[in-house]
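Take the given structure of chain A and dock chain B with the ligand to it, following the hints.
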Amino acid sequence: MMKQYFFAVIFILLALSSGYGQQNGVLIEAESFDKLGGWLVDPQFVEQMGSPYLLAHGMGEPVSNASTSFKIKEKGEYHIWVRSKNWAPGDWKAPGRFQLAVNGEVLASELGTKPGWGWEYVGMAELKKKTVELALIDLTGFDGRCDAIYFSQSKDDVPPRAGKALAEWRKSAKGESDQPSVVEEYDLVVVGGGIAGCAAAIAAAEQGLEVALIHDRPVLGGNASSEIRVHTLGIYGNFERILKMLDTEHYPNGSLEAYKDEDKRHQNISKYKNIALFTNWRAYDALAEGNTITAVDARHTSAGKRIRFKAPRFVDSTGDGWIGYWAGAEFTYGREAVDQYGEAYEEWGELWSPNKADGFVMGSSVLWRTYQSDKAYEFPSVPWAEEVAMGHEAKAGTWKWELSRLDYHQIEDAEEIRDHMLKAIYGSFANQKKLSGMEKLKFEWISYLVGKRESRRLVGDYIFTFNDVTEQRKFPDAVVMEEREVDVHYQQNLKDASKPDFLSEAIFYRTPMYYIPYRSLYSKNISNLFMAGRNFSCSHIGLGGPRVMRTTGQMGAAVGFAAAICAKYQCDPRSVYEDHLDEYLELIEKQK
Amino acid sequence: MEVTLKSQENYDGNSIGSYSEDDYIEPINIELYNFQGIPAFYSSEFATAVCEDKICELLHIKLFWDLTGNYIGYDTLAGHPLTKFDHEPFEKEDYIKLHELLMNDGTILKFKRKDELIDKKILRPSDVIDGTTGATALEIKEEVVKGALYTSYTLWHIAHKGEIQNLLNEQTKKSYTKELAIEMMNSDRDSYRIFAVDQLSVDELSENIPFLIIGLKQGNPLLRKTILQKVPSPLWNDLDFQAKVCSLYGLLDVNSRFYLLQSLKEVALVYSQSLEELSKYLNKMSKNQLLEYLELVSKSGELSNSLKTNLSEFARSENRYSYLVMDSGIVED
Ligand SMILES: Cc1cc2nc3c(=O)[nH]c(=O)nc-3n(C[C@H](O)[C@H](O)[C@H](O)COP(=O)(O)OP(=O)(O)OC[C@H]3O[C@@H](n4cnc5c(N)ncnc54)[C@H](O)[C@@H]3O)c2cc1C
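One line per chain: the protein sequences are A and B, in this order.
Quick note, the first sequence lines up with residues 1 to 592 if you use the numbering used here.
Quick note, the second sequence lines up with residues 1001 to 1333 if you use the numbering used here.
Calculated from the structure, these hints are not laboratory results.
Note that the structure is predicted; figures quoted are calculated from it, not measured.
Wrong hints could be hidden among the right ones.
Simulated restraints on C-beta separations [said to hold, decoys possible]:
#1 Lys1174(B) x Lys164(A): 38 to 48 Å
#2 Glu126(A) x Glu1266(B): 52 to 62 Å
#3 Ser1306(B) x Glu126(A): 49 to 59 Å
#4 Ile1108(B) x Leu435(A): 19 to 29 Å
#5 Gly342(A) x Asp1086(B): 40 to 50 Å
#6 Glu1295(B) x Thr131(A): 42 to 52 Å
Positions of the beta carbon are idealized from the N, C-alpha and C atoms, including for glycine.
Chain A extracted, bound-state conformation:
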């Protein structure tokens, strides 16, 4: 039996705190359904739309029903709302339509038809038993989504649409206290289980620290996981042994081979008894006292349970710099003006680095693959996809399927970016299917996760820039090294407006070995925060080289060992540089 939330229980609290005049309403979180069927839990956009939700990602074929049951206190007639969104509104039928069945009876309303996240009124149902059965019935296979279902005996009891009001309402509905009641303590808390976070956890654990690794996915690896399937590039630097436990073969991006490397990764991590692995837990806040983080709060992505993680030091390897952001760490986003650090690449001008700072960053991708199946099949028409695909034909997505736009923020608008890419994919595939010989072409896989390249970059004591590459600066605290070329992307349609807006191009700068100093791996203003991964301290162009995952893995390992030095001397990350650098570098040297 799933978790459920009764308003009645917290009625008094409610009246005092938020003033919503609730009746006997019951809120059911879709992600907590007992059986998910073919629906997927999508927690990527919690900060923007309020909650993990269920997604019917069927690549054009309706997925099987999700179902659950819950109990009501009072039998009777109930009004029902579903929180959903039409993700491709326009002059066509909404692509992601679904229906709700209550006690086996399908309610007529088709849901997922209103633009913007909000509550859609489903209708009324007479609940004759105290146990209620629910099912979500996907009608299209085209990414219908359901956040929550609300039952109330009053028709006026419409929950708030979005934002703070909804968050407060939800909290009341669940009777949630301000802070998690479960508290766990560790020597080091690492948030984000991409290659960087995994490497940090291993390095610290090898030095005897008790480590919590909090990761919002079921599997480790971030962009290198089987869910996104990007292969790892870059060199091992000082950390070959650790990184070989985590990296991938050079398979084509999108390949099924990602699974094999993922198995390896999980087996290796599980060998460390002092790494407590919290997969499917998403951090949602970092508490700071002054400039020190005291705890990170996380929530299970489907069960909704919460834990407060306390530690003397934290690693932000979320890619998006969430921990730093919540704690008030300085960060940057976008492209610096070319003169800010003198990062020109003359022949590439504005495409490389702009005269005035702007909001472009390298974009996000959604990878996908097709195969020739053994029988012909017809793909449904996708009029809603053509506004993006614009006649483009394709059989697979490569790294060039990338989206960055001045009016899209890679974090705040990530859902819209993902959905835009889905339109590009469905549309281009549909166009490809119209060509002769393509009758048997079928989707093998479309990721539903946004593969990101760049968003927030937390500011450290040192900001790594392109000049550190061109001058191959040898820092006294160099802990990461790389020789892979710097590549920075731009959208193809900037040069040629007739190109689809979801394709990018790369500018390459080949380089001998360059180095990254330890000082760009801890926050400048938050005293106990390390960062590893693409959210390390660098300029936009500075990220162009070291964003690849063996390099970010090196950052992780470097930070893990630094955390061990911190633990030994009870000091903050900066003191490792100021007071214990020799010992730290020796420790790193020993890893080779």
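For chain B with the ligand alone, coordinates are given in the frame of chain A:
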């Protein structure tokens, strides 16, 4: 986008310098060709070695670049037809393919080192390319001239050499005259117009408003951004100019639209005429464009009646983002 090179007789060429690298057999000497005293294009006749492992062939060719260093064409030299690795002559379609390849600045060749051209994993004799026994990585194969992988590779990397491009741009700056400025501003080549915008001083920008407006209307997004980025505050404060630029909103691409809205946020005064112009395109705005626009509106004090009407109508419309206008509280229900 091709520059007519029909007859070079009317052009006079002057050497402007050369570029060389360790493995070049001779420097690439570049000439600037003028037409009636105005710079028109660059070109270079040179010989280069096309090598695979230790076997090299000599290749004679002439390449052409435009005034901003973009490859525009090639020519063979008398007595030196192009041949493939097995000495077979180029067919007509090979010549065309070579030009297409050289025009493609996003080709996969860009990312490859020479030693990566052959896919070492699949050694299939049947896939013989350039006389080698390795298969060309499939992706590369589709883009290069069949049987002339190394020729394609070598020429593409010379035609797109950044150092050469910089040299040519520097030279164009040195040769820049009023006449050339006019030519470039009137050109339909975006890179020329971008070059021209870059050369304009603040005063000159204000003296060339029609050029700026045409660039915003017809240019590629990069030209538009270059223009918007350079508009000086006094010009933004000019009512006619500001409203005119806003009236172009519907013609702009997404990025330029957003960049325009962001630029307006920095302008001291956004005139209500400009806001009205923009309000004609509410239907074309993305979510964040609309939010940015509503922010401009909310900062602008008293709203004109027609602006109020446009906003209210939009708020009541079926548009996917009409709720945002309601949420903003700018218009009343
Ligand atoms: C299409 C594409 C192609 C690329 N090609 C390559 C390539 O060929 N080789 C290469 O090496 N790199 C490549 N990159 C770049 C590289 O994958 C990224 O830069 C990568 O993000 C760097 O790894 P990371 O560990 O910093 O972050 P990520 O891999 O993004 O890992 C961060 C993880 O943290 C998790 N997380 C985020 N927030 C929270 C939270 N609040 N709580 C818990 N967990 C959280 C996320 O789910 C994520 O899995 C590519 C990227 C893309 C998108």
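Hint check:
Between Lys1174(B) and Lys164(A) the C-beta distance comes to about 60 Å, which lies outside the given range of 38 to 48 Å. Between Glu126(A) and Glu1266(B) the CB atoms are about 59 Å apart, so this pair conforms to the stated range of 52 to 62 Å. Between Ser1306(B) and Glu126(A), the C-beta spacing of about 52 Å keeps the proposed range 49 to 59 Å intact. The hint said 19 to 29 Å for the Cβ distance between Ile1108(B) and Leu435(A), and at roughly 22 Å that hint holds.
Checked against the hint of 40 to 50 Å, the C-beta distance between Gly342(A) and Asp1086(B) comes to roughly 49 Å, which is consistent with it. At roughly 50 Å, the beta-carbon separation of Glu1295(B) and Thr131(A) lies within the given 42 to 52 Å, and the hint holds.
Violated hint: 1 only; the structure is consistent with all others.
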